[in-house]
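Enquirer: Chains A and B, in that order, give the protein sequences. Each residue of the first sequence is one higher than the last, beginning at 1 in this note's numbering. Each residue of the second sequence is one higher than the last, beginning at 113 in this note's numbering.
These are calculated hints, taken from the structure and not from any lab test. Just so it is clear, the structure is predicted and the values come from calculations on it, not from any experiment. Positions of the beta carbon are idealized from the N, C-alpha and C atoms, including for glycine. Do not take every clue at face value.
If we take Cβ atoms under 7 Å as the criterion, some of the chain B residues that face chain A in the derived model are [stated by the list, open to error]:
1. 151
2. 152
3. 155
4. 157
5. 173
6. 177
7. 203
8. 219
9. 220
10. 222
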Amino acid sequence: DAKTTQPPSMDCAEGRAANLPCNHSTISGNEYVYWYRQIHSQGPQYIIHGLKNNETNEMASLIITEDRKSSTLILPHATLRDTAVYYCIVRAAIQGAQKLVFGQGTRLTINP
Amino acid sequence: GAGVSQSPSNKVTEKGKDVELRCDPISGHTALYWYRQSLGQGLEFLIYFQGNSAPDKSGLPSDRFSAERTGGSVSTLTIQRTQQEDSAVYLCASSLVIAPGANVLTFGAGSRLTVL
Chain A
1 DAKTTQPPSM
11 DCAEGRAANL
21 PCNHSTISGN
31 EYVYWYRQIH
41 SQGPQYIIHG
51 LKNNETNEMA
61 SLIITEDRKS
71 STLILPHATL
81 RDTAVYYCIV
91 RAAIQGAQKL
101 VFGQGTRLTI
111 NP
Chain B
113 GAGVSQSPSN
123 KVTEKGKDVE
133 LRCDPISGHT
143 ALYWYRQSLG
153 QGLEFLIYFQ
163 GNSAPDKSGL
173 PSDRFSAERT
183 GGSVSTLTIQ
193 RTQQEDSAVY
203 LCASSLVIAP
213 GANVLTFGAG
223 SRLTVL
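Please model the complete structure; the sequences and the hints are all you need to start from.
Expert: Right, here's the structure in full:
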């Protein structure tokens, strides 16, 4: 699976949009981009995933560049409860289960 | 059940003792994963099971660690002769593999193991 690069930490003001970048310059054509987050003392939580097109759900939006070498997770109106470590993971879409390999992620702090 | 259930939530044991950690996945989920997370560290993959296929044990750190999944549902992670470096939160996840690219993991709250 392609490796990802994320900034180790970011800050965002409460109520503003939080934009978390992820570089995956070696991504292959059949690899999806997944985002998970881990709030302190909890298990990781799935946020969103995508292949080529931008995706949006009730939690966030995922913007993938046309060349697919990078993506941005957007939390449109960040709240204090969004403070967490956010993981960007790239994984091939093959039949069957696969392990997720978590990197160090981005520690996002939402400030009041 | 509604989510992935793990027990015990906390376990304190003495060095050299064996421990068993249990995971109840979401009903119907065909894949089950074990990870561990040491204090202040990232998630480390241990093992995963999918259906009747042979498990991927590539992440188990030593032969003191083993896991089984009975009847395609409940899983037990066993650590023999525990060492202090085994202290960590052990996380279980399950997923319903419905299509390539649609394999979303749901995690439990974890079992915190402390080896004295």
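Enquirer: Now, for every hint given, state plainly whether the structure supports it.
Expert: We went through each hint and held it up to the structure:
1. 151: violated, 11 Å
2. 152: violated, 11 Å
3. 155: Constraint on residue 155 of chain B satisfied, holds at 4 Å.
4. 157: holds, 5 Å
5. 173: violated, 15 Å
6. 177: violated, 15 Å
7. 203: holds, 5 Å
8. 219: holds, 3 Å
9. 220: holds, 6 Å
10. 222: holds, 6 Å
Going down the numbered hints, you'll see the structure goes against 1, 2, 5 and 6, while the others check out.
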